[in-house]
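Starting from the structure of chain A, add chain B where the hints point.
Below are the chains, spelled out letter by letter.
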Amino acid sequence: MTALLTDQLTRRFGDVIGVDRVSLSVERGQIFGLLGPNGSGKSTTLACALGLMRPTSGRIELLGEPAQSIHRTRGRVAAVFDEPMRVKGLTVRQQLRYAATLRGHAGGRSIDEALELTGCASLARRPVTGLSLGQCKRVAIASALGGRPELLVLDEPLSGLDPVGVRDLLDTLRALAQAEVTIILSSHRLHELERLVSHVAILLGGHLAAQGALKDLLGSRTRHRIRVSDPGRARDVLGRVEGVECLADPHQVGMGEADQRADSSIGELTLDAGDHTPGALNQMLVEAGIQVHELQPVAVSLAALFNELVAAAPGSVAASSEEHS
Amino acid sequence: MKGSWLILRAELARLVWTRSTWVTGLLLAALSALRALASVAASAGPGGASVSSGHAWAPLADGWRAGLVLGVLVLLTYSARSIAGDRETGVLRLAITRSATRGAVIWGRLMLAPIMIVAIVTLTGLSAATVALRAGDFGPLVEDGYELLSASELREEFTLGLLASLPGLWATFALGLLISCMARSATGAVAGALGTFLAFDLFKDALGDARFAVFASYVPTLADSSPWGELTGVARGFSDAGFSDALLRSALTVPAPEALLLAGLGWLVLIRRSL
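Chains as they are written, first to last, in the numbering used here: chain A, 1 to 325; chain B, 1001 to 1275.
For reference, chain A alone in the conformation it holds in the complex:
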């Protein structure tokens, strides 16, 4: 069953495109990562999905309800935003009680359990306005976990958290996912996200650049690292083969050194072999008189995939790529 469905979601701000014909499908039980550089439309997509912003066009359903009728989900959806909520004048416990009152029904996880789960038990009596950003974020997550949400939407949940906080939150989210809570989160922390999410969508300039199961997306982009006797000539040979791309700047995909070693004629190349098998690559090089010392597939990381898509996107800049690596 679908937890979130957006069909041709478009949101414009005057002449500026926030998101353009984005169609997402998040099935129940998934941990879904929504990725993209700043201004790519992640928060706009989530705001539209949560009924906080009206789309210009398109259809959105959340747990089977139209986004504009999100109130009908009656506490089955919980959201944590980049700027965490602080109800002035209340303590942490009171803020959680306030959120529970808005949820409107008893049952599910208690306030104490939610505080314990997020490591906020010691903060319970402190005023929310006196908390650090990281603490406030954990309290907001505790507030979201109250009751028994079926869908948890988190916009940049890891920002502002220290390493221990990040680890604890990821553990909590994994535990929730095992309890069949669907989780949708946006984040720039790609390394942490890779260890957590099952599915991703990547937004670039308001357009959907990629979507699918993480292992499928990464698996379809397997690279090959080749150690050869003459890397310069190997690059020329392979560069002439249709469908083969030598990745001149390996940092672009984060897969190690490609420069020729200064102290030896042996060097490494990293390449996208397209549909060519490792055996075919080997044969091409050997026929060209190049000695192949090693040829092995290399798994692409989420960060590498992300940066590759950013670099390939029209109007991309290296700076934005570096920012997210």
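Since the hints were derived computationally from the structure, they do not count as laboratory data. There could be a bad hint or two in this list.
Derived pair list, reagent style EDC-like, types lysine to aspartate or glutamate, alpha-carbon separation capped at 20 Å [as the list claims (entries may be wrong)]: (1) B:LYS1002 with A:ASP272; (2) B:LYS1204 with B:ASP1224; (3) A:LYS215 with A:GLU27; (4) A:LYS215 with A:ASP230; (5) A:LYS215 with A:ASP272; (6) A:LYS88 with B:GLU1088.
Here the structure is a predicted model, which is why all the values come from computation and not from measurement.
For chain B alone, kept in the frame of chain A given last:
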């Protein structure tokens, strides 16, 4: 409707939990008491009250009215801050994603208003009455052995004056909500609401009888044209004081539809806004 109830319950709980609510309550009570005390002191001095009985009515009217004048500003400030402030702090997003429609966000608060109004009226009234009792009794107003008004007539006048103010106070709250929905920040909302309200207070004399088409004419303010303004004269037995049936009727009928209209406009604004 359920969403409105949830908002009402949550906002009521927040009011009770927040320290500033209690501080504001104390201030209201203190102002009413102080004003009543000033009235007691004035009536005890030379040229003071000429009545020989019912000395407590005038301090009660003065103190209660002073408390309500501040109460009006408290209601307006609270309602103006509520939605704009909650949008700034993320509370509104929580409400919308949890259980409430945008309409419920407004109607729930509008349902909270009567509770706040009753609390303010009770608090300021009790505070003023406690001090007024030091000045004398709540008996008939007797001057030179002649009973100007009986105690029951005075109670009736006070009750009518009070009832006539309640719809206006509700509409005042609704004005704050409308401005809160329109404003970009809580500070802007409070400034806008107070500015609009005080501007009307300054210019309402120039409007002549047309001012009685606006709810704000029926709430106690510094330039008071409400039944409460007249009540302070009635409590002293002034022969020219008193509110007409027409004023009473319009005070009871004009503000409530305007409150609903203001809240409806607020809803129209809010459903179009991104949160």
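To test your reading of the hints: which numbers does this structure violate?
Failing hints, ascending: 1 and 4.
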